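Engineer: Assemble the whole structure, with the sequences as input and the hints as a guide.
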Amino acid sequence: MTTPNPAAPAARGSDRLARFWRGRAEDAPWVRPAFLGLLTATGLLYLWNLSASGYANSFYSAAVQAGGESWKAFFFGSLDAANAITVDKPPAALWPMALSVRLFGLGSWQILVPEVLMGVASVGVLYAAVRRRFGAGAGLIAGLVLALTPVAALMFRFNNPDALLALLMTVAAYGVLRALEGGPGAVKWLMGAGVAFGFAFLAKTLQAFLILPPLALVYAVCAPGGLGRRIRDLALAGLALLVSAGWWVALVELWPASSRPYVGGSQNNSFLELTFGYNGLGRINGNETGSVGGGGGPGGGAGGGRWGETGIGRMFNDAVGGQISWLLPAALLLLVAGLVVTRRAPRTDTARSAFLVWGGALLITLAVFSFMAGIFHEYYTIALAPYVAALVGMGASVLWEERTRFAASAALAVTAAVTAWWAWTLLGRTPDWLPWLRWTVLVAGAVAALGLLVSGRVDRRLGLAAAGLGLAAGLAGPFAYTLTTVDTGHQGSIVTAGPSGGRGPGGFGGRMPEGSQGGRMPGGFDGQGQGQGQRQGQGQGQSQGRMPGGTPPQGMPQGMPQGGFQGSRGERPGLGGGGGGGMGGLLNGANVGAEAKAALLKDAGSYTWVAATVGAQNAAGYQLATEKPVMAIGGFNGSDPSPTLAQFKQYVAEGKVHYFIGSGEGNGGGPGGPGGNSEISTWVAATFEKTTVGSATFYDLTKEK
1 MTTPNPAAPA ARGSDRLARF WRGRAEDAPW VRPAFLGLLT ATGLLYLWNL
51 SASGYANSFY SAAVQAGGES WKAFFFGSLD AANAITVDKP PAALWPMALS
101 VRLFGLGSWQ ILVPEVLMGV ASVGVLYAAV RRRFGAGAGL IAGLVLALTP
151 VAALMFRFNN PDALLALLMT VAAYGVLRAL EGGPGAVKWL MGAGVAFGFA
201 FLAKTLQAFL ILPPLALVYA VCAPGGLGRR IRDLALAGLA LLVSAGWWVA
251 LVELWPASSR PYVGGSQNNS FLELTFGYNG LGRINGNETG SVGGGGGPGG
301 GAGGGRWGET GIGRMFNDAV GGQISWLLPA ALLLLVAGLV VTRRAPRTDT
351 ARSAFLVWGG ALLITLAVFS FMAGIFHEYY TIALAPYVAA LVGMGASVLW
401 EERTRFAASA ALAVTAAVTA WWAWTLLGRT PDWLPWLRWT VLVAGAVAAL
451 GLLVSGRVDR RLGLAAAGLG LAAGLAGPFA YTLTTVDTGH QGSIVTAGPS
501 GGRGPGGFGG RMPEGSQGGR MPGGFDGQGQ GQGQRQGQGQ GQSQGRMPGG
551 TPPQGMPQGM PQGGFQGSRG ERPGLGGGGG GGMGGLLNGA NVGAEAKAAL
601 LKDAGSYTWV AATVGAQNAA GYQLATEKPV MAIGGFNGSD PSPTLAQFKQ
651 YVAEGKVHYF IGSGEGNGGG PGGPGGNSEI STWVAATFEK TTVGSATFYD
701 LTKEK
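Quick note: the sequence shown uses my numbering, first residue 1, plus one each step.
Be a bit skeptical, because a hint or two may be false.
Unchecked claim - When the alpha-carbon atoms are kept at most 20 angstroms apart in a straight line, the in silico EDC-like pairs for lysine to aspartate or glutamate are as follows: (1) Lys72 to Asp27; (2) Lys72 to Glu253; (3) Lys705 to Glu627; (4) Lys690 to Glu679; (5) Lys649 to Glu704; (6) Lys649 to Glu679; (7) Lys656 to Asp603; (8) Lys656 to Asp700; (9) Lys597 to Asp700; (10) Lys602 to Asp700; (11) Lys602 to Glu689; (12) Lys72 to Glu627; (13) Lys649 to Asp700; (14) Lys690 to Glu595; (15) Lys656 to Glu69; (16) Lys649 to Glu627; (17) Lys703 to Glu654; (18) Lys690 to Asp700; (19) Lys705 to Glu689; (20) Lys690 to Asp603; (21) Lys602 to Glu654.
To be verified - Each pair of labels, with its calculated beta carbon distance range: (22) Ala28 to Val454: 23 to 31 angstroms; (23) Pro213 to Leu99: 12 to 20 angstroms; (24) Glu181 to Pro213: 16 to 24 angstroms; (25) Ser259 to Ala686: 25 to 33 angstroms.
No wet-lab data here; the hints were simulated from the structure. No experiment lies behind these values; they were computed from the predicted model shown. Glycine is no exception: its CB is placed at the ideal position from the N, C-alpha and C atoms.
Structural biologist: Here it is in structure tokens:
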């Protein structure tokens, strides 16, 4: 009998660890440690100061809390565990956060850490996609560019659907690239891409399909095999997409409306209406029925609309440029260079196909974002970040391999120079913030460009030094913006990355459930949305100014209510006094004081909803403070026809609702309401006793006048 060796398991474990650290045998020894270091650094960067954002976008955090308590709310994406109404998106982006809350309890980290993990995963998938054809160096550059893109650092630490969408779009592109390599497993990779598209649809509906046409076209033209086989593969991938997205849609549409929550954001309780209306064509033509702007007609035009200036320069303007455009000129230049270098390659060349995949995704998303007349927010541009990063890594690699040719070295030099100049321009928009960085980047970029221009014919070490200097100069600006972003809390329904003042006043949306900071804008609002307390690390803002004359800022829809919007206090739900979030509770959750919380929790078990209030953000603040269901009358901004006055009267008669939270200092719900539910508010005010609890107005629905 052989005597067991107790050291054998430990030895095997040590061997596995060594192989994990070493990576592939054909790789240089530095490759795997560098990749693991990139993932670790990305995770640590995104985790830094994470809790400063509190519940981030209270609108989605309330739905996460509900999903962590009720499986029915989890499935539908309900705003409350009693399932009155859903968020105005499908629920896939809520599911990871809701599972985290169900496992670990309600809290900022429990909600936001899954988003951080999506960011780390996106960097890893992008690295894998780029390195397969262009090498580890190109993959590392791509991953680094993605990690340091300011809007990526913002949204991979925030609880909007955009984080999951960006990850799944990267996964879809990777699947298509693997399928383009051919072989017996190609169709499986393509079907995997279809599944990624399907679940991306369940995160943010039709935005998931923006890049579908160019990716399908590239496969149809460039994949190995005959045309019939390529079409068959695409059909199978389409079927995978349909199944992965359609199962949930079918269940919601077939489910009896009387036993499911109202579909938030729709006017007829239909998810299909929401998909093709407000979340679909409405984003393109500006007819967003149910939005604060009224959705009465196109918001676009030759040069602008209700949601800010449109046109080819939109991604470079004061509002958007600092979020995403740092390396956008470089990506476009390197896309052209890559296609020129591979122009004589065979039809199935995987390098050219990769440029077409990432380039097609970038160009179509860029075009839609630039010219869409409907709701547009700066943070949407996270969708561009993986495409920009991939093109920078791939293009730099291709030109580096060709650097002995003057045209290639000149292209590298021009790219470095243009990138440095554009960073100098962007940094000039915040002249009082790190003024030394602006000129350092410009000088370093100029030196790098000169070195790259001559290095191909002089010395390889000089070329490496110039390339490293050029990369550092190109990333210095976004890195600084990213550090500022992760060091600052972000809350509410409109969020932006970078230093305060690093954006213009545009892009301030109307319905805006997807996430913005509760912040100040001109005349009492600051574009960043953090009050002084947050800047000092206290997590509570202190600014609550009003816009002069009640005039909406540039980029806010012209149909917005006039008369002065109150700015967000920036406080996290459950902290501080009563009152609503920014813009009368439209942009951030209500601030719930101890008195209000105690009143809601008293006899809470006797009611289905401890309270009802107009607007989801107001409801979210009270729900997150008490962890009890609060009915959001009218959905996000109070304009959804749910519940009707008759339905609400029945709920009250059955003793299901304890309080109606009306108007108070800083509170946007209440008689009149911000949306189409004024009948309920008026009936409540005329029928029930009013009392002031803290700084909020409560109507006890069990006590008539």
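Engineer: Against this structure, judge whether each hint is valid.
Structural biologist: Taking the hints in turn, this is what the structure says about them:
1. Lys72 to Asp27: violated, 49 angstroms
2. Lys72 to Glu253: holds, 15 angstroms
3. Lys705 to Glu627: violated, 30 angstroms
4. Lys690 to Glu679: Given pair Lys690, Glu679 holds - Cα atoms ~17 angstroms apart, limit 20 angstroms.
5. Lys649 to Glu704: holds, 13 angstroms
6. Lys649 to Glu679: Holds, at roughly 11 angstroms.
7. Lys656 to Asp603: holds, 12 angstroms
8. Lys656 to Asp700: holds, 12 angstroms
9. Lys597 to Asp700: Holds - the C-alpha atoms of Asp700 and Lys597 are around 14 angstroms apart, at most 20 angstroms.
10. Lys602 to Asp700: holds, 12 angstroms
11. Lys602 to Glu689: holds, 18 angstroms
12. Lys72 to Glu627: This hinted pair holds, its Cα atoms lying about 16 angstroms apart.
13. Lys649 to Asp700: Given that 20 angstroms is the threshold and the Cα spacing comes to 14 angstroms, the pair holds.
14. Lys690 to Glu595: Holds: Lys690 and Glu595 sit about 15 angstroms apart, inside 20 angstroms.
15. Lys656 to Glu69: holds, 19 angstroms
16. Lys649 to Glu627: violated, 24 angstroms
17. Lys703 to Glu654: Holds, at roughly 14 angstroms.
18. Lys690 to Asp700: Holds. Lys690 to Asp700 sits at ~7 angstroms (cutoff 20 angstroms).
19. Lys705 to Glu689: holds, 5 angstroms
20. Lys690 to Asp603: holds, 19 angstroms
21. Lys602 to Glu654: holds, 18 angstroms
22. Ala28 to Val454: 23 to 31 angstroms: Cβ of Ala28 to Cβ of Val454: about 27 angstroms, so the range 23 to 31 angstroms holds.
23. Pro213 to Leu99: 12 to 20 angstroms: violated, 33 angstroms
24. Glu181 to Pro213: 16 to 24 angstroms: holds, 21 angstroms
25. Ser259 to Ala686: 25 to 33 angstroms: With a Cβ separation near 32 angstroms, Ser259 and Ala686 satisfy 25 to 33 angstroms, so the hint holds.
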